[in-house]
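Fit chain B to the known structure of chain A by using the hints.
Residue numbers (this note's numbering), protein chains in the order written: chain A, 240 to 775; chain B, 17 to 499.
It is possible that some hints are incorrect.
Pairs of lysine to aspartate or glutamate residues, derived as EDC-like cross-links and limited to a Cα-Cα distance of at most 20 Å, are as follows [claimed, not checked]:
#1 B:K140 <-> B:E151
#2 A:K526 <-> B:E393
#3 A:K575 <-> B:E414
#4 A:K526 <-> A:D574
Sample of chain B residues at the chain A side, in silico, Cβ under 8 Å [as the list claims (entries may be wrong)]:
#5 K242
#6 M260
#7 G261
#8 C325
#9 H372
#10 K374
#11 A381
Note that these hints are calculated values from the structure, not bench results. As the structure is a prediction and not an experimental result, all values here were calculated from the model. Glycine included, C-beta positions come from ideal geometry on N, C-alpha and C.
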Amino acid sequence: MPVVTFDLRDFRRLLGREVGTAALLECMDALGMETQIEGEEIRIEVPHNRPDLLSPEGVARMLKGMLGIQTGLPRYRVAAPRVRLHVERSVSLVRPLIVAGVVREVELDEMSLVSLMQTQEKLHETYCRRRRKASIGVYDLDTIHPPIYYRAVRPEEVRFVPLGMEEELNLREILEKHPKGMEYRHLLEGMEFFPLLVDSEGTVLSMPPIVNSEDTKVTVKTKNLFIDVTGLDERTVTNSLKILMCAMAERGFRLESVGLPGGPSPDLSPKRMRIDLKRACQYIGIKLGKAQARRIFRRMRFELSGETVLVPPYRVDVMHEVDLIEELAVGYGYDKLEPAPPRVATIGETHELERLSRRVRGVMIGLGFTEVMNYILTNPRTNFELMGLQGEAVEISNPISQEYTILRTWLLPSLLSTCQRNKLYELPQRFFEVGDVVLPELRGESARTIRKVAAVQVGGNFTQMKAVAESLLRELSLKVEPREGEHPSFMEGRVLKYFRGPEEVGLVGEIHPRVLLNFELGHPVAALEFVLAEHA
Amino acid sequence: MEELSREAREVLRRLREAGGTAQPQEWDMDQSAVMRGALALQERGLVEVKEEKRYRLLLTAEGKRCLEVGLPERRILRVADGVTPEEAGRMAGLKREEVQVGVGWLRRKNLVTLEGKLLRLTEKGRSYLGQPMPEEEALLRLRSEPVVDELDALSRELGRRGLLEIREEKRRILSLTEEGWKVRLGPEVEEVSELTPELLSTGRWKTVRFKRYNVLAGVSPTYPAKLHPQQRVIEEVREILIGMGFKEIPSRIVETEFWNFDALFQAQDHPAREIHDTLSLSKPSHGTVPSELVGKVARAHERGVAGSCGWGYRFNPEVSRRLLLCSQTTAATVHFLSSRPSPPVKVFSIGRVFRHEKIDYKHLAEFYQCEGIVMEEGLTLRDMFGYLKEIVNRLGFEKVRFRPSYFPYTEPSAEALVYHEGRGEWIEILGAGMFRPELLIPLGIRYPVLAWGIGLTRLIMLKLGVEDIRMLFSNDLAWLRGS
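Bound conformation, chain A alone:
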């Protein structure tokens, strides 16, 4: 989950009323958000579905509702557009979507400026999927001469000074030299034209989704803001703008729309959703009067009117009635919901695969073998090479390390690793594992998962292990046919294989000295491995 850190002084200022630390933490806990306050910082784990809480303004707005400082739906006035934005057709192939808004009468200090930049970055990282779906630009409007143009240009055609630099670069050079250029250039890879925002005098605002220009930079002296969001995903683009504009409004700044070809942007009117209050209460398991429900919704910054809930524009997570039901439940308080004891009787049952595994464990423990558990993830060296084998296994495309690149195809290699690990303990040692292996079915484009049992005895011989194998088969009433066989991991003439019909289902034998040495073992090892069942 994304973690945000706000300046506590700025945050308290946004709350508008003195709130004790304990009350603050208790409230955050009731909302299910892990929160820490340390020194002059407040650190919050924000759920993935709440990009509106990536800003201190958003969190303060929510808390104000919970604490009763300010409840009900926040209504945001958006003035008629004075700035126009022209979208040229050339962008349709590179980054087709754009929305924009204006914020007037801005008063930023160091704290709120830093917080604005941080909110923008957090939105980029999470909700905008590292600028892939959308990217946000914020500018000092007074450095711009509207109307503004959104167009695609050849990268070598335009030069400007990117944010934080001193020299003019062309767009291609920015991708190669500017830190943000290097970080995000993959988003423009293979494109012949790059998106660009310029004003009527040719001043570059930004090169979305990479970097703004130095000329239009926002400072503490900025009085008016121009905000744009460009991108590929319509919902993300419009929602990001709504979230940021609403946050600005929480600071008391005035919002103004921008004239776009499709009409003014943004639309900050609330979304209307139907709720069946009776059913909602039934779903939670509580009884609520209309007035009570209305109060709870107001606390959560919604408005209930009749059978309709007005959803604030920044609540982009609300998709369905159930989301409103959760608001109702959280507002009511999870701690006030008395758990209802289970009442419907059903019959419990262990899965047959686990029943079989349990029987096998019982037999093996009875025979004096200690259970071990190994990873299913392994590598070809352990699974094949050290065992003197070659073979195919299911392969991971993005392994964590060279140690875990495939899924094990049998259990004995991990058991020999277990022996290696316990070399310093006294002999004899007897280990077994009941676990899954996965075999690739390359033709059928799938994999077979098989539950198996394997056992090893360090300082044991063929005869002892064959006795164990037969004991296991007898206890499980498995009908199999033993046949002489050979296996590269075992000593010649000391392997017995078991068949069910044409299928080999198990083997027992003495591990080959070469394999023993591969695992740095200094004593003979007798081993067995059997198929128990194939998974669904």
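Chain B in isolation, oriented as in the chain A frame:
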């Protein structure tokens, strides 16, 4: 009277012969056998065992020399009157250290005094010119190397001067008690240590005497074969759930993205689906998916179902076919729900899940999850809390509380925190929620379904008191035995 061992009898017999008291060191008998016998007799009050300490006094080489040529003080005394110590030494033929020692002794015993630099015999000194000093008498007596019970001051002094070696000797003295004289010994019985089949079959076990064991003596440790500690906790959880009427369903290792994510209403660009979160497969890379269901799920994602607005993006059915290692046991649950069971339903699964996680003391790439659902008509959020509370209580945690949480496929969602007495803190143990309609409707489910998941590996760590998560798969024998 209990039967006496052969050794005890022998000791008793010899003591009687010796008149009741003897030093067994002098006997031609194995001394440890003597002691076993004597101690057994002492336990029965037949014999008293005493230990005495004595000293054997032996003249050292220096002691013997002094006996021949005289002690340094004697040799100085003879010539001392009116000369310096150095001159006296020369005249007596002594080395410098000897002179120092001799003069020292003489002055300490007040046999000479120093007048300026010259030695003068005292009255007492003069008297010794004609008679032996006590040390000299002692040396003469010690020629016989006597053994004494106590050390006198003179011997100690000679010992300190290196003229005498004092050896400590212990000796045991056994003496019969009154009871020991009176006790009647029965006929001698054969003593054996092991009960053999031969003794049993011949009936000889009735006549032999079995050696008594020291039953308090330590033995070397032996360890039972047992279940893996993780498996024991898993079995415990399974038993709890089955006791609550849950039926177990299997979980899978290799899964398509469809079942692992799409069917759970997790948008295809959800952060949890990114390459650094799950382990995807390259061989095989794609699997088969139920195309009709994929279509329904795709619609739920794109436009929403049942009044939902959906995620509003272009669903890619190719992504659905991609294979990965199951990253959440919910996949198994949803698989099961697609078979459209009728309520009431309670099922659970326990399985390994895989994450793209670097292994360290807190993280594994492969671990256990336990997940369950309840499907019932009219199920409420309070019912969900009821189930969670029951599960958590049965797991041994008494105090539990709930707080809101977020999962992409449940709404409302909650997490259960339990109070861990040992650590004195609240610990997240369970995540839960009511499945979203966007998940249920495409599967054809029209009843409310609550789902919960336990981070089983975390629970295992809590139960086993393991701090380093890697220990769980280390298979270290000492840990396996001790846990």
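These are the hints, each one checked on the structure:
no.: 1; hint: B:K140 <-> B:E151; in the structure: holds (15 Å)
no.: 2; hint: A:K526 <-> B:E393; in the structure: holds (18 Å)
no.: 3; hint: A:K575 <-> B:E414; in the structure: holds (18 Å)
no.: 4; hint: A:K526 <-> A:D574; in the structure: holds (16 Å)
no.: 5; hint: K242; in the structure: holds (6 Å)
no.: 6; hint: M260; in the structure: holds (7 Å)
no.: 7; hint: G261; in the structure: holds (4 Å)
no.: 8; hint: C325; in the structure: holds (5 Å)
no.: 9; hint: H372; in the structure: holds (6 Å)
no.: 10; hint: K374; in the structure: holds (6 Å)
no.: 11; hint: A381; in the structure: holds (5 Å)
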